[in-house]
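Trainee: Single-letter residue listing:
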Amino acid sequence: MKALIGVLVMALVTYIPRVFPLVVFRRQIENIYIRSFLFYVPYAVLAALTFPSIFWSTGSVITAAAGTLTAILLAYFEKSLVVVAVAAILVVYVSQLIAAAV
Amino acid sequence: MERKEEYADGFRKGIPIGLGYLPVSFTFGVMAVAGGIPVSLAIFTSLSNLTSAGQFAGTKLIIAGAGYFEIALTTFVINIRYMLMSLALSQKMEEGIGFFRRLLIGYGVTDEVFAIASVEKKKLTAPYMYGLFTAPVIGWTLGTALGALISGLLVDSVANAMGIALYAMFIAIIVPPAKKSKPIVFTILLAVALMILMETVPVFSVISEGFRVIIATILAAGTAAFLFPIREEAQQAAGPEYGEKSGQAGCETAGQSGGEEAAR
Numbered sequence: 225m226k227a228l229i230g231v232l233v234m235a236l237v238t239y240i241p242r243v244f245p246l247v248v249f250r251r252q253i254e255n256i257y258i259r260s261f262l263f264y265v266p267y268a269v270l271a272a273l274t275f276p277s278i279f280w281s282t283g284s285v286i287t288a289a290a291g292t293l294t295a296i297l298l299a300y301f302e303k304s305l306v307v308v309a310v311a312a313i314l315v316v317y318v319s320q321l322i323a324a325a326v
Numbered sequence: 002m003e004r005k006e007e008y009a010d011g012f013r014k015g016i017p018i019g020l021g022y023l024p025v026s027f028t029f030g031v032m033a034v035a036g037g038i039p040v041s042l043a044i045f046t047s048l049s050n051l052t053s054a055g056q057f058a059g060t061k062l063i064i065a066g067a068g069y070f071e072i073a074l075t076t077f078v079i080n081i082r083y084m085l086m087s088l089a090l091s092q093k094m095e096e097g098i099g100f101f102r103r104l105l106i107g108y109g110v111t112d113e114v115f116a117i118a119s120v121e122k123k124k125l126t127a128p129y130m131y132g133l134f135t136a137p138v139i140g141w142t143l144g145t146a147l148g149a150l151i152s153g154l155l156v157d158s159v160a161n162a163m164g165i166a167l168y169a170m171f172i173a174i175i176v177p178p179a180k181k182s183k184p185i186v187f188t189i190l191l192a193v194a195l196m197i198l199m200e201t202v203p204v205f206s207v208i209s210e211g212f213r214v215i216i217a218t219i220l221a222a223g224t225a226a227f228l229f230p231i232r233e234e235a236q237q238a239a240g241p242e243y244g245e246k247s248g249q250a251g252c253e254t255a256g257q258s259g260g261e262e263a264a265r
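Chains as they are written, first to last, in the numbering used here: chain A, 225 to 326; chain B, 2 to 265.
Excised from the complex, chain A in its bound form (with noise of 0.2 angstroms):
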């Protein structure tokens, strides 16, 4: 019970930032720094969540590095999300396999 009420509660927190600028702001926003703003924000945000968080994500620096790398280079060729995604677990897992055999 306490769980759940606990799983509840985080749902309500991840639902309000979402929907409140949604309800508030129906206006067009015309200062363009404010939209240049807006424009850079995903960039930002993303980036500031994926490092340095994803060298320690794999339990091994070493892993996790042959990992991002293997994104980045596939990224950069502009594969879809899911190839990008399953390239950079498998060569994680194959460089612990590595890692553990040497």
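Honestly, I wouldn't trust all of these hints.
SDA-like, lysine to any residue: derived pairs with alpha carbons at most 20 angstroms apart [unchecked claim]:
#: 1; chain 1: B; residue 1: K61; chain 2: A; residue 2: L228
#: 2; chain 1: B; residue 1: K123; chain 2: B; residue 2: G97
#: 3; chain 1: B; residue 1: K124; chain 2: A; residue 2: V247
#: 4; chain 1: B; residue 1: K93; chain 2: A; residue 2: I229
#: 5; chain 1: B; residue 1: K123; chain 2: B; residue 2: A9
#: 6; chain 1: B; residue 1: K93; chain 2: A; residue 2: R251
#: 7; chain 1: B; residue 1: K124; chain 2: A; residue 2: F249
#: 8; chain 1: A; residue 1: K226; chain 2: B; residue 2: V34
#: 9; chain 1: A; residue 1: K303; chain 2: B; residue 2: V202
#: 10; chain 1: B; residue 1: K124; chain 2: B; residue 2: L104
#: 11; chain 1: B; residue 1: K123; chain 2: A; residue 2: V285
#: 12; chain 1: B; residue 1: K123; chain 2: A; residue 2: K303
#: 13; chain 1: B; residue 1: K124; chain 2: A; residue 2: K226
#: 14; chain 1: B; residue 1: K93; chain 2: A; residue 2: Y300
#: 15; chain 1: A; residue 1: K226; chain 2: B; residue 2: L104
#: 16; chain 1: B; residue 1: K93; chain 2: A; residue 2: E254
#: 17; chain 1: A; residue 1: K226; chain 2: B; residue 2: L74
#: 18; chain 1: B; residue 1: K93; chain 2: A; residue 2: V243
#: 19; chain 1: B; residue 1: K124; chain 2: A; residue 2: A324
#: 20; chain 1: B; residue 1: K61; chain 2: A; residue 2: I229
#: 21; chain 1: B; residue 1: K124; chain 2: A; residue 2: I256
#: 22; chain 1: B; residue 1: K93; chain 2: A; residue 2: I253
#: 23; chain 1: B; residue 1: K93; chain 2: A; residue 2: V285
#: 24; chain 1: A; residue 1: K226; chain 2: B; residue 2: K123
#: 25; chain 1: B; residue 1: K181; chain 2: A; residue 2: S304
#: 26; chain 1: B; residue 1: K124; chain 2: A; residue 2: F301
#: 27; chain 1: B; residue 1: K181; chain 2: A; residue 2: F301
#: 28; chain 1: B; residue 1: K93; chain 2: A; residue 2: F301
#: 29; chain 1: B; residue 1: K181; chain 2: A; residue 2: L232
Reference excerpt, derived from the structure (chain B facing chain A, CB under 8 angstroms, subset only) [stated by the list, open to error]:
#: 30; residue: G21
#: 31; residue: A173
#: 32; residue: I185
#: 33; residue: V202
#: 34; residue: S206
#: 35; residue: I208
No wet-lab data here; the hints were simulated from the structure. Using N, Cα and C, we set each Cβ at its ideal position, and we do this for glycine too.
Guided by the hints, dock chain B onto chain A, whose structure is given.
Mentor: This is chain B only, laid out in the frame that chain A set:
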């Protein structure tokens, strides 16, 4: 476009997101059940929260027996970034979308849904948004169910490797547009530099992870907006003819318009 076509267009662009969510939500299912969360609650968590970082952190706190306030605060801080995203989307929404439809659209605003919607070169309609988050909701919930059900059978090496999935997906979203726009590269590098700074300098390291992301985002995007403001015409210029293409193509054109603008 017709309502139905709008939904179909969104749905099509959401499929890669939904597939990309599978390994990540699978990891969540494994983690939750391994920590003692019932399978049904793990699935309900994914369906009701529909978020990555916040949900992982909140569930870990539940497993650790933390209080509701700590769970709420931690999850909220990690999720404040959605305010910036929804604010950006509110500016791209078609006129006249009513209150209740906005309530529904708000449910589906994830990092990836936002990433695709925000680079669309057209006004966002309600059916398009519903379509866009349909496959992600299914992928996120289904992946959690699969992970939760086979949790006990999975070896550590596989679970460890899956930890990178979420981040790999973020990289796949930001790198292609960055290739064509120096301001975007600047934004990304500055955000990362700020994250590293806050993590390594002792004074800042007391700031929680969620707040660090918010600070880095506001400073990096703010600096980029100040140095490389994007004129209205440039944002609209690449418009109609790219509207029909896939999300990926949309990303590229957004990057291009940013780059061209900065070159002036």
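Trainee: Now tell me, hint by hint, if it's right for this structure.
Mentor: Outcome of the hint check:
no. : hint             : in the structure
1   : B/K61 to A/L228  : 14 angstroms, holds
2   : B/K123 to B/G97  : 15 angstroms, holds
3   : B/K124 to A/V247 : 17 angstroms, holds
4   : B/K93 to A/I229  : 35 angstroms, violated
5   : B/K123 to B/A9   : 15 angstroms, holds
6   : B/K93 to A/R251  : 10 angstroms, holds
7   : B/K124 to A/F249 : 15 angstroms, holds
8   : A/K226 to B/V34  : 16 angstroms, holds
9   : A/K303 to B/V202 : 36 angstroms, violated
10  : B/K124 to B/L104 : 18 angstroms, holds
11  : B/K123 to A/V285 : 41 angstroms, violated
12  : B/K123 to A/K303 : 24 angstroms, violated
13  : B/K124 to A/K226 : 42 angstroms, violated
14  : B/K93 to A/Y300  : 27 angstroms, violated
15  : A/K226 to B/L104 : 27 angstroms, violated
16  : B/K93 to A/E254  : 12 angstroms, holds
17  : A/K226 to B/L74  : 17 angstroms, holds
18  : B/K93 to A/V243  : 15 angstroms, holds
19  : B/K124 to A/A324 : 52 angstroms, violated
20  : B/K61 to A/I229  : 14 angstroms, holds
21  : B/K124 to A/I256 : 18 angstroms, holds
22  : B/K93 to A/I253  : 10 angstroms, holds
23  : B/K93 to A/V285  : 40 angstroms, violated
24  : A/K226 to B/K123 : 44 angstroms, violated
25  : B/K181 to A/S304 : 17 angstroms, holds
26  : B/K124 to A/F301 : 28 angstroms, violated
27  : B/K181 to A/F301 : 12 angstroms, holds
28  : B/K93 to A/F301  : 29 angstroms, violated
29  : B/K181 to A/L232 : 42 angstroms, violated
30  : G21              : 4 angstroms, holds
31  : A173             : 4 angstroms, holds
32  : I185             : 5 angstroms, holds
33  : V202             : 14 angstroms, violated
34  : S206             : 13 angstroms, violated
35  : I208             : 12 angstroms, violated
The structure fails hints 4, 9, 11, 12, 13, 14, 15, 19, 23, 24, 26, 28, 29, 33, 34 and 35 (numbered hints given earlier, in ascending order).
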